[in-house]
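S.K.: Those protein sequence lines, which keep their order, are chains A and B. Everything in the first sequence is counted per our numbering, starting at 58 for the first residue and increasing by one. Everything in the second sequence is counted per our numbering, starting at 223 for the first residue and increasing by one.
Take these hints with a grain of salt, some might be off.
[Said to hold, decoys possible] Below, in silico cross-link-like pairs of lysine-lysine (DSS-like), each with a Cα-Cα straight-line distance of 27 Å or less: (1) A:K97 / B:K332; (2) A:K93 / B:K332; (3) B:K303 / A:K93; (4) A:K98 / B:K303; (5) A:K79 / A:K98; (6) A:K95 / A:K66; (7) A:K66 / A:K98; (8) A:K97 / A:K110; (9) A:K75 / A:K95; (10) A:K76 / A:K97; (11) A:K66 / A:K76; (12) A:K75 / A:K110; (13) B:K303 / A:K75; (14) A:K66 / B:K332; (15) A:K95 / B:K303; (16) A:K76 / A:K98; (17) A:K79 / A:K93; (18) A:K110 / A:K93.
[Stated by the list, open to error] Here are a few chain B residues that face chain A, going by a calculated C-beta distance under 8 Å: (19) A234; (20) G250; (21) F251; (22) G253; (23) S255; (24) K320.
Since the hints were derived computationally from the structure, they do not count as laboratory data. Only a predicted model underlies this, so the values are computations on that prediction, with no experimental measurement involved. Quick reminder that beta carbons are idealized off the backbone N, C-alpha and C, glycines included.
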Amino acid sequence: DTEVTQTPKHLVMGMTNKKSLKCEQHMGHRAMYWYKQKAKKPPELMFVYSYEKLSINESVPSRFSPECPNSSLLNLHLHALQPEDSALYLCASSQVGTGSYEQYFGPGTRLTVT
Amino acid sequence: GQSLEQPSEVTAVEGAIVQINCTYQTSGFYGLSWYQQHDGGAPTFLSYNGLDGLEETGRFSSFLSRSDSYGYLLLQELQMKDSASYFCAVRVNTNAGKSTFGDGTTLTVKP
């Protein structure tokens, strides 16, 4: 199984809402990532988890809160977002160390903030 | 920090060969990856170069010259389905495989 799944596929939320994005993989990967991608732009790294611990936070605003409950799951909790946060949110996973260059991406959650 | 440059658009015809270049400036360079992304889809890993030289995977090949801070992706026998965005991504020297992506090259394959 080389699949990363993400739910929901689409999400529309108001600026006062709280919502969560979910990501799951069963490839035994111990590194998981959140990326944000705007239209016609490259993926921008937000967070990296390594062995279920947050190892990289790319100065992401606190209205985005990641969580890694176990080695297969990754969540992104959203609160008080702004319209400019509307984007495609991609989850990815990889091995740690040797082989970690190959990241497997999920299909993404398309988020619209109104 | 890291910076990568690649052409914004490339157009070619079916059956042709196209080369997408990528130059980079970074500290802690570890390797160069290439990803393909179709409209509305997720990025898909294509190739990785950690050492100088050519890596071949079917119709796709990738090359790296660390001394020139330069790499390229070579696509042969182009097919219509190859129309997509192609990103080079620099991996910096961390265990968690942090990668910074270039702005992407939109490849259009015409009949």
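S.K.: All hints, please: hold or fail.
M.R.: Hint check results:
no. : hint           : verdict
1   : A:K97 / B:K332 : holds (20 Å)
2   : A:K93 / B:K332 : violated (31 Å)
3   : B:K303 / A:K93 : holds (25 Å)
4   : A:K98 / B:K303 : holds (21 Å)
5   : A:K79 / A:K98  : holds (23 Å)
6   : A:K95 / A:K66  : holds (16 Å)
7   : A:K66 / A:K98  : holds (19 Å)
8   : A:K97 / A:K110 : violated (31 Å)
9   : A:K75 / A:K95  : holds (21 Å)
10  : A:K76 / A:K97  : holds (25 Å)
11  : A:K66 / A:K76  : holds (13 Å)
12  : A:K75 / A:K110 : holds (23 Å)
13  : B:K303 / A:K75 : violated (39 Å)
14  : A:K66 / B:K332 : violated (31 Å)
15  : A:K95 / B:K303 : holds (23 Å)
16  : A:K76 / A:K98  : holds (24 Å)
17  : A:K79 / A:K93  : holds (14 Å)
18  : A:K110 / A:K93 : holds (20 Å)
19  : A234           : violated (20 Å)
20  : G250           : violated (13 Å)
21  : F251           : violated (12 Å)
22  : G253           : holds (6 Å)
23  : S255           : holds (5 Å)
24  : K320           : holds (6 Å)
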